Each structure stands twice: as structure tokens, then as C-alpha cells.
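Chemist: What follows is the residue order along each chain.
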Amino acid sequence: MNYDRYLNPDIAAVPPSGIRRFFDLAANMRDAISLGVGEPDFITPYHIRNAAINSIVDGETQYTPNRGLLSLRKEISWYLEHRYQTSYDPEKEILVTVGASESIDVALRAIVSPGDEVLVPEPSYVSYSPSVIFAGGRPVGVVTGQDNGFRLTAEAVRAAITPRTKALILPYPNNPTGGVMERADLEQLAQVVRETGILVISDEIYSELTYGGLTHVSFAALPGMRDYTLTINGFSKSFAMTGWRVGYTCGPAELISVMTKIHQYGILCAPRQGQVAALEALKTGRERNYEDVIRMRESYDRRRRLMVEGFRAMGLDCFEPLGAFYVFPSIAKTGLTSEEFCKRLLEEERVACVPGTAFGPCGEGHIRCSYATALDKLNTALEKMAQFLSRLQAG
Amino acid sequence: MTKLEMDLLDILREDCRLPLEKLAVMTGASTAEVAEAIDRMEKERIILRYSPTINWDRTDRERVEAMIEVRVTPQRDMGFDAVAKRIYRFEEVKSVYLMSGSYDLLVLVEARTLKELALFVSEKLSPLEMVTGTATSFVLKRYKEEGVIFEGEKSDNRLVITP
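So the sequence lines, in the order shown, correspond to chains A and B. Going letter by letter, the first sequence gives residues 1 to 395 in the working numbering. Going letter by letter, the second sequence gives residues 1 to 163 in the working numbering.
Chain A with its partners taken away, still in its complex shape (with noise of 0.2 Å):
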């Protein structure tokens, strides 16, 4: 039977994810190291997995309020205001998501009408632009490149605004590129918005993965950005909770009480066991000073230089990413494009990477490697990797 007549066309026009391709290509190669892998390879640390334990046998099987525990609101909000100096209610402010993905399809659905414009940077994470044509808006790329470190410049974005533009979705510490914004940066964003009036969304899961000194910093934390901001971020990535499917965000009560209302429609309430998972994270964490998160980052920051130094030391131009736990080289010299080479190299030597064109058209000529992956297969990924290209050379 042919369903088109049911579907949307416009959702059914989306192509599906440019990762899927290559995890089909993948997962048939049991004996392939994959530095393909979008989530830590650290497990979610005993404590956090215990008090989740404790709570399905002490019985707590009931929906949470809505926007999510208060208790664990509070603790978001003793976190962000201490570890980023924003300053949000835990009453009227912040909403628990499934994840920091339900907050940005909810944040979406409730700004964008039809034909609504939001600015999305290239290379970022596969969801955002889709996610932007799910609510009914005009996803608009703006390119960024490895010349300023990936960096989303004040005149980029002023260039793509039009009187549609909404809003800008500000991915950083950004997936694929671990590009940074540094503070500069920001206040130049900042002056755009003011002049403008474009909401941010501002996606920060990757916060605690900074790395060379720099501390992150929240947009909201500028001077006058908190109203213009919805501040995306979760469990995820810095306390290895991919699993548990918690995130939140924060924003003016105006924002987050319409966000509310399309997530307790559409999802209630994130899993409980996942918010006692979150409470314990960052309570914890409050007490012992984070030393998980620290202990994570300091292993990341260690094969983060290695495979910097590893891709620089075949020849690749490779930018230093000082955010999250991917290196995104140029391939671009090679002469092949990122799927030419990501096919190759998964057919030829059993190493899968994500080539760049899956995160937005202006990632050709690069692959994305997570380094949250084992030392010795990265060590191993790295020498084949240097094979291939040796062998490219020659041939």
C-alpha cells in the first residue's frame, strides 16, 4: 500500500540522518573501532546508578510534577548559578526535559510559527535544522570554519537575519567540531541581539567539557542576554547519563511556562528514576566539588591531545578543539570527499568516523573522530588511520 497520501509531505521531505548510512555500513563490521560514537565511554559513576536503585525499591514508580522535581529544580539552579553565575526560579524557570532533545523541540515548537526563520550554524548537531522544519519553521544555515576555530562571528549572523529570523540556536562547546566561544565572542552575539531582538537558544550539554583553561560560559551570564536566552543543557555528556534521558532548560518564566504546557501535553514528565539519577549527579557533586566530572575531563583532556598530535603528525591540518570530546580534521588535501574517505577507511582498515557533510553541507573536506573511546583503540585507530593515508599518497 502506498501511504505517501498520509504523510506529511513536508516531514516525509527530510532527509533521514547522514549518520544512519554509515552506522548501517558500520555495525556489520564486528571487529571495526569505531571513534564514531556520539556519548562517553565512561559509565554513569556507582553513586548516581545506586540512588536510582534505591528509589524503584523504596517504590517512587509515580509521575513527577511536570516541569520535573522541585527538588532536582533546585539543584539545577544552585548548579548554573554557581558553576555559570545565572540565576533562574526553580519555580517558574527551569523545566526538566527527556534529555536536552525534548528541550529543543519543545523550545522550537513554542517560538516558531510557519515560516519562521532560525539560524542554525554549520557544522552542529544533526537535529537542530530538522527539528526546525518539525515546528514549522525555515532552518538557516550559517557556515562557520576552521580558519576562526569554528567560531559563530557577529557578522555571520547579522548577515542571515531577515525579518522572519526568530531565533539562533548557539551550539557551543560545538558537536562536531569542538569549537569554543570564548567571552569575546559572546558580547559580540550579544550586540546583535540587542540590535535585533532574536532569541538565543543556547544549547550547552557540552559545558563541563572544556578544555586548555577555558571555562565555559553561559550565554544568559552576559549582561543583559538573560531575557533573549533559553538555556539548553542536561546529564548526558558531563556526568555520562546518555541513557537516563534527562536535560532541562532555563529561561524567562514568560518562555518556559508555554514550553511547559507542549511538554505536559505531549510527554508529562521525564522518567522519574532518571531525575533521582540527576538530583543525586549534582547534589553529590555540590559535595565533592564535581570530582566525577573533573575526573572525566582530565581523561578526555589526555586523548583529546593525543589524537590532535596523532592526525597533525600524518600531515592532516587538524584545528585544536578545546570543547566536548570530538577532533573534526581536514581530510580535504587527500583529494577525496568526507564520504569518500569515511568509506574507505571503515572498507580498508576497519576505522569508522563520521564524515562531515553529516553535520551540514559546510563539512566537507573533514571527519568527525570522538576521542571518548579506549586508549589503546585510539592509539590503533590513529596508526591505521596513518596507513590509509600513506597508502592514499602512494597510490
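Only true hints are included.
Each computed DSS-like pair below joins lysine-lysine, with the alpha-carbon atoms no more than 30 Å apart:
| hint | chain 1 | residue 1 | chain 2 | residue 2 |
| --- | --- | --- | --- | --- |
| 1 | A | 377 | A | 333 |
| 2 | B | 94 | B | 144 |
| 3 | A | 283 | B | 3 |
| 4 | B | 144 | B | 3 |
| 5 | A | 343 | A | 333 |
| 6 | A | 283 | A | 92 |
| 7 | A | 377 | B | 144 |
| 8 | B | 94 | B | 115 |
| 9 | B | 141 | A | 377 |
| 10 | A | 261 | A | 166 |
| 11 | B | 3 | A | 377 |
| 12 | A | 166 | A | 92 |
Hint data in this document are derived by calculation from the structure and do not stem from the laboratory. The structure presented is a predicted model; accordingly, all values stated were derived computationally and were not measured.
Chain A is already provided as a structure; the job is to place chain B on it using the hints.
Modeler: What follows is chain B alone, placed relative to chain A:
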């Protein structure tokens, strides 16, 4: 101890075969600084040896291991150290720990056969004048050592590629 030394210990306990160049890259120090730090830790006897973790069950070598709880009479002026020294000098003994609790020394012993190990206890360990009692437990299976799980653990539950 410096941050560099602590970082190096963290890395080396996972993989002590990494070349100096890689250790330098990973810690952000120069090769010379790394070499110097390692050298110092070797001299200070912080790093004692670089050895692999071996799963002997997968080899052809016959081998039995036992943990022996030993009760001893501490010696005047020397405490337990003199007894411990007598015991750790035996080549069958792999580790000796002074313990709190119902016995004094925990002795890890390795031998080729059960008989050899039994002979060690009856002819070498028990006859020591300061040993007042022993309780020997044989190791049946090793699940985890030095943080390494030996068998049966799925190493990575993650999907091969995720956004």
C-alpha cells in the same frame, strides 16, 4: 608530588608501554620533563616495576594460588616486620600484607601444583617459630585483577555510531 607525576601514574597504570612522546603529548609536558618525572618516581620507588596483567588460565602453565591467613606472635622491638620479612623471602610468596582484623598477615602464594603449595605451608610456613596458626584458601577463579575484568564482560554497550 606534581600534577604531571599524578597524571603519568594515571596513564601508566592503564598502559605502561606508551612511548615518552605520547606521554608528553597527553600530559602537555615536554619529553624531557616526562622522562625526568618518570626517572624520579623510579628512584623514589613510587614506580617499582612495569609488568603486564596476565590471565594465566588461558595459558598452558599449571599454576595454583592460595591466600593464607597467618596468625603470628609479634617480636619485641620489631613488631610484625621481622616476621613479614621471613615470610616474603620465600620465592613462592607473591604478596604479603599486614592486616587488621582476626589474623595478622595475608600471604599470597603461588606454586605449580596443589602438592607443592601444601608442602610450602607444612614445611616452610607453619614451622616458623613465630607463626601460631594458618588458614589456607585456594583461588578457584580469578574474575578481576588490577581493575581488569578477565572474562565475560561486554566491553562497550554503546551503538557503533551516534550523533
